[in-house]
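Number of protein chains: 4
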Amino acid sequence: MLIVMKKGATEESVQGVVNAAEKRGYTARPIPGGDRVSIGILHNKGSVDAGHFLGLSGVKEVIPVTKPYKLVSREVKNENTVVRVGNVAFGDGSMPVIAGPCAVESEEQCLVIARAVKKAGAVMFRGGAFKPRTSPYSFQGMGKEGLEILAKVREETGLPVVTEVMDVENFDIVEEYADVVQIGTRNMQNFSLLKRAGKSGRPVMLKRGMSALLQEWLMAAEYIMEEGNEQVILCERGIRTFVRHSRNTLDLSVVPAAKKETHLPLVIDPSHAAGVRDQVIPLARASAAVGCDGMMIEVHHIPDEAVSDGAQSLYPDQFEKLMQKINQIHAISGDLSWE
Amino acid sequence: MLIVMKKGATEESVQGVVNAAEKRGYTARPIPGGDRVSIGILHNKGSVDAGHFLGLSGVKEVIPVTKPYKLVSREVKNENTVVRVGNVAFGDGSMPVIAGPCAVESEEQCLVIARAVKKAGAVMFRGGAFKPRTSPYSFQGMGKEGLEILAKVREETGLPVVTEVMDVENFDIVEEYADVVQIGTRNMQNFSLLKRAGKSGRPVMLKRGMSALLQEWLMAAEYIMEEGNEQVILCERGIRTFVRHSRNTLDLSVVPAAKKETHLPLVIDPSHAAGVRDQVIPLARASAAVGCDGMMIEVHHIPDEAVSDGAQSLYPDQFEKLMQKINQIHAISGDLSWE
Amino acid sequence: MLIVMKKGATEESVQGVVNAAEKRGYTARPIPGGDRVSIGILHNKGSVDAGHFLGLSGVKEVIPVTKPYKLVSREVKNENTVVRVGNVAFGDGSMPVIAGPCAVESEEQCLVIARAVKKAGAVMFRGGAFKPRTSPYSFQGMGKEGLEILAKVREETGLPVVTEVMDVENFDIVEEYADVVQIGTRNMQNFSLLKRAGKSGRPVMLKRGMSALLQEWLMAAEYIMEEGNEQVILCERGIRTFVRHSRNTLDLSVVPAAKKETHLPLVIDPSHAAGVRDQVIPLARASAAVGCDGMMIEVHHIPDEAVSDGAQSLYPDQFEKLMQKINQIHAISGDLSWE
Amino acid sequence: MLIVMKKGATEESVQGVVNAAEKRGYTARPIPGGDRVSIGILHNKGSVDAGHFLGLSGVKEVIPVTKPYKLVSREVKNENTVVRVGNVAFGDGSMPVIAGPCAVESEEQCLVIARAVKKAGAVMFRGGAFKPRTSPYSFQGMGKEGLEILAKVREETGLPVVTEVMDVENFDIVEEYADVVQIGTRNMQNFSLLKRAGKSGRPVMLKRGMSALLQEWLMAAEYIMEEGNEQVILCERGIRTFVRHSRNTLDLSVVPAAKKETHLPLVIDPSHAAGVRDQVIPLARASAAVGCDGMMIEVHHIPDEAVSDGAQSLYPDQFEKLMQKINQIHAISGDLSWE
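Each protein sequence line maps, in turn, to chains A, B, C and D.
Taking the numbering used here, I'd label the letters of the first sequence as residues -3 to 335.
Taking the numbering used here, I'd label the letters of the second sequence as residues -3 to 335.
Taking the numbering used here, I'd label the letters of the third sequence as residues -3 to 335.
Taking the numbering used here, I'd label the letters of the fourth sequence as residues -3 to 335.
Bear in mind the hints are in silico, worked out from the structure with no lab data behind them.
Hints are not guaranteed to be accurate.
Pairs count within a copy or across copies, as identical chains cannot be separated in the list.
[As the list claims (entries may be wrong)] Only pairs whose alpha carbons sit at most 30 Å apart, straight line, appear in this in silico DSBU-like list of lysine-lysine:
{"no.": "1", "residue 1": "K195", "residue 2": "K140"}
{"no.": "2", "residue 1": "K148", "residue 2": "K256"}
{"no.": "3", "residue 1": "K191", "residue 2": "K140"}
{"no.": "4", "residue 1": "K63", "residue 2": "K256"}
{"no.": "5", "residue 1": "K2", "residue 2": "K73"}
{"no.": "6", "residue 1": "K140", "residue 2": "K256"}
{"no.": "7", "residue 1": "K56", "residue 2": "K140"}
{"no.": "8", "residue 1": "K321", "residue 2": "K114"}
{"no.": "9", "residue 1": "K321", "residue 2": "K115"}
{"no.": "10", "residue 1": "K56", "residue 2": "K321"}
{"no.": "11", "residue 1": "K19", "residue 2": "K195"}
{"no.": "12", "residue 1": "K191", "residue 2": "K63"}
{"no.": "13", "residue 1": "K191", "residue 2": "K3"}
{"no.": "14", "residue 1": "K3", "residue 2": "K19"}
{"no.": "15", "residue 1": "K63", "residue 2": "K73"}
{"no.": "16", "residue 1": "K73", "residue 2": "K3"}
{"no.": "17", "residue 1": "K321", "residue 2": "K66"}
{"no.": "18", "residue 1": "K317", "residue 2": "K140"}
{"no.": "19", "residue 1": "K66", "residue 2": "K3"}
{"no.": "20", "residue 1": "K63", "residue 2": "K2"}
{"no.": "21", "residue 1": "K148", "residue 2": "K56"}
{"no.": "22", "residue 1": "K66", "residue 2": "K56"}
{"no.": "23", "residue 1": "K56", "residue 2": "K3"}
{"no.": "24", "residue 1": "K56", "residue 2": "K73"}
{"no.": "25", "residue 1": "K114", "residue 2": "K317"}
Here chain A stands alone, though its shape is the one from the complex (with noise of 0.2 Å):
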């Protein structure tokens, strides 16, 4: 961290600072410029929380330094973590596709689109049995006969499913049917479901908030980590910005930016973040070529008749079309070394 005092700040305030600094067991050295001198604090364990100091005297501005996660951190552990989830793997150079409706509605329907996406290339099945809508009056999903069917996909197909938990109430129940434990956008500064998440044996699908900042998405991840579970995937779907012509704007450049910061695999859902089918297909193809570990995209045999999110919904054969383009443009992106 480094405290910078403003211009003419008086000897008394610097050493107030050092002070303060010492008293919290930190080192601090003054460094003095040509205007003014900042105040280098040194041997922290961890990061130092700026407002210990934002408010002393002669203080004009608090830089942090260090990052403040530790277990997510590419510096602690260089190597790409690898997440397995039967055959699939997450964080290996592949780009492994999950898909599936955002909802189950039927066995049936459940059924034709695993089906279809597993023909087409998918690897992973989605569908919400838990929905967390905005509305409390909207579908809030099928609950534990939800989570049925998914078994019942996975027995058929042989798809590992991955489905989303609301709550510490639930996860027993999502994680003795899950294979992938999904944490969503809602949730994810959702400090108590992180926790419990971190207790899981099973791997877990981290949605970046809808505001957050990088630094706080690796910070929810390390809540997870901190209680033992080492199996994190993080999942970009788009930020909320001032634009209107898309439900999120999906951020790309978060995909290099935390890659060279973590060594946690990272998924992308351009479905969450157009809001439109026919925006979701230039997405898909985009974040195939930025270079991302895994790509989970929403189907529906009828988008029309989908209770949930149909129009971003992909027909069956649109998604056979957009994997074959995503194979080809990952296999020419690919080998990508981040750092």
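Chains B, C and D: place on chain A using the hints.
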């Protein structure tokens, strides 16, 4: 809902939309315009999901008209809801001020601060026992012991207390000790928590999510009300923007906008929006002037030693001066008729 | 335009809106709904200003339906506009790449870079002679001398050149030397400059403003076209968001959205969006995959010594490898039919 | 500037950064920390371009310390700048209110409004003669005729006038008629226009760009001051955010932040931030309370017939009541010491 067709959309496309609407039980009325046909969807109960129509042939755009909320809506209930906590009332035209430290640190700390803020005119005490922290390595709060300290404060000073609940697991115990239960920014769309809050007998203070649209915030309140708890207090605390000179951007325009849409009371927390005390003071004055139903302000007797958010906590004497100003400003601004 | 009345709005209010509309020459048609009346405004030429109705008695909301642009609209002209610059074509399904340094620094610098990028497959050269800089103390460009160097580059290499014009005063001279005149991000709504560009015989590359809605960007292009210049190339270069891990957020979803609305070609500048070269490379791949009509990439032979934007400039050998990848990706992604 | 090296960066990398710094004339001082080396750049005049170091081997991050502005900085000049226009003073602790219509429509319109706002206590008149409009088909202002009307208003009422200049071409004529020349939001980084304003003898009101960081805004003011014009008035008018309930988000936290950084006066325009008059009134109160050096408010005698921005214009009687409130609030809030 208004469905705008593309220029030159065929009659088949128009009929397809009409059929899709009728299949879901709505009435569809085509409205020929100069350039294109639009189709009004009528007789819907509640709002219609745009996704059901967005992907249909010939559809250019889908424009929601009806707002999706019911119970929170001022169109449903015109009179202001007044939430009463002991002698304190939110929503009756008064501007009660809640004050206290970010986190409960010790009984002594709380009592010293509580006496000071009470003397200055605060009518409710705040203090976090369970703390949502970005980092798992930061102080996570005193938990149950913190709640007991809050009870002690209430007993000694007569001030009712508000404190945050972070999960369903701890709801019972927080509810037992707190007079008002707070749901924090990061949990605004933790729907399981909202539903639990809806079953509580305690008033709920619902903080706005960091990038929540007004409509999403009101829908979160609708979740609580829909479960039977009508005592909801909204709390604006700043939103995430591109800005870097303050921690968040306090969105005061949301006050008149919200008061038009809803009958629920709205309080403002300038402390979390600002992040530094030099901004808290002017923003608190602005909050009083814009016309709110209460305010929540962080105060600490030794901010430099606070375990969290020291930089944004006011000194007790600053708070005392501020109270005088904001009460005067409220008196001048008052007599607001929002609609 | 659709005017939504409040629940329980009186007949007088409805009539008042109808009168106001007719007074301005529109046709107003009340549409009774379940809960409330809406009023459609028909037979308007171009778009109607929401402000004319927003303050009227009983009006709850005003929803624009018709888009305000005409000449740029794909509804008016369905075929893609192809802008030709010598042998280079923007909008015909090819993906020409423009490359060069941020700023023209010297003849030698430009020639070295131009030869390198031409060898790698670039078909146009970029370089700033007039530089918009946040600080008045930063290098402001070589001005006319820079333009002469660009002309020399064209002569020696055969590459047409694109360079930025910052004001009406220098438009004549920039136009004299440049093959394509660029209007920068900060000038996207400099309407005087847009009008001057509309009178030019040169193609204009119009960069998107830092926080421009798609509609505002297209309206800026409309300003140029309305003055008679139909050769407009749109350029996405990243938008301002809350994100801190990249200089701007490259908004790739704007590509499919824009291509639906307009027939104008759209190129992408990943260099300014990223700000650091480790992000430029993956974002350039993503840009090729999303499906654009060209790309603009910064290259410098000694980036560490560049007078500006060195950190985002590629080394020539990086650029050469990238060119191979993006051409392959374009070939795969190609054959886009946007609508 | 502080250059943070990666963990385990080699001595060669560190030396490489030191050499690069010295080559550009700076002093570089390595600061060994616990985990990594940082390098302080000293003795720089003005700010250092991060881009010069960001791409060097072993560099993890570059953190600017010194602010890039000089003339606008409160560290350079501690006393508030007071800009005087006739008897009106911006920056002396008073809160002069500028009022008038969005656009000059006719002599009669302006005189009626000017008399009304003067009676209510406004001390300066506003009105646009050259109008920046998103659409080329919207009313573009009366031009020179509008300026003559403004001169007539000044003559008749004694109120000085402020009006916008959109380009260098019309600067002479605007300067001739206006008492204060306004540079609009869309032109905040029109550097040619800023330089011309810097050569003017008139005070300049510089509106904040729609997504301008505080530092960028101050750098725009620096452009004006650097050319010799020290009479700059900053004007906050709302920023672009994800919010949809108001046209822009009025950023009141920028006031204390800016007043710390600069000695220049700052006025607030709540009308453009709000976009609808029901929000203008409470936001104007809030602006008075936060502590500004003036306010600019739109008033129209027949808003429903205004050619532009009618919905945000106050009726004269609303304005009169508002004036009383904001003057009282200013009197209470006053005596601000920002630093």
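Now the hints, each set against the structure:
| no. | hint | result |
| --- | --- | --- |
| 1 | K195 x K140 | both (21 Å within a copy, 22 Å between copies) |
| 2 | K148 x K256 | neither (39 Å within a copy, 41 Å between copies) |
| 3 | K191 x K140 | both (23 Å within a copy, 18 Å between copies) |
| 4 | K63 x K256 | both (13 Å within a copy, 28 Å between copies) |
| 5 | K2 x K73 | between (38 Å within a copy, 14 Å between copies) |
| 6 | K140 x K256 | neither (39 Å within a copy, 40 Å between copies) |
| 7 | K56 x K140 | neither (55 Å within a copy, 38 Å between copies) |
| 8 | K321 x K114 | both (16 Å within a copy, 29 Å between copies) |
| 9 | K321 x K115 | both (15 Å within a copy, 28 Å between copies) |
| 10 | K56 x K321 | between (53 Å within a copy, 27 Å between copies) |
| 11 | K19 x K195 | neither (35 Å within a copy, 46 Å between copies) |
| 12 | K191 x K63 | within (21 Å within a copy, 36 Å between copies) |
| 13 | K191 x K3 | between (44 Å within a copy, 29 Å between copies) |
| 14 | K3 x K19 | both (25 Å within a copy, 27 Å between copies) |
| 15 | K63 x K73 | within (14 Å within a copy, 36 Å between copies) |
| 16 | K73 x K3 | between (41 Å within a copy, 12 Å between copies) |
| 17 | K321 x K66 | neither (37 Å within a copy, 35 Å between copies) |
| 18 | K317 x K140 | neither (33 Å within a copy, 51 Å between copies) |
| 19 | K66 x K3 | between (35 Å within a copy, 13 Å between copies) |
| 20 | K63 x K2 | both (25 Å within a copy, 11 Å between copies) |
| 21 | K148 x K56 | neither (61 Å within a copy, 38 Å between copies) |
| 22 | K66 x K56 | both (28 Å within a copy, 16 Å between copies) |
| 23 | K56 x K3 | both (9 Å within a copy, 28 Å between copies) |
| 24 | K56 x K73 | between (35 Å within a copy, 16 Å between copies) |
| 25 | K114 x K317 | within (13 Å within a copy, 34 Å between copies) |
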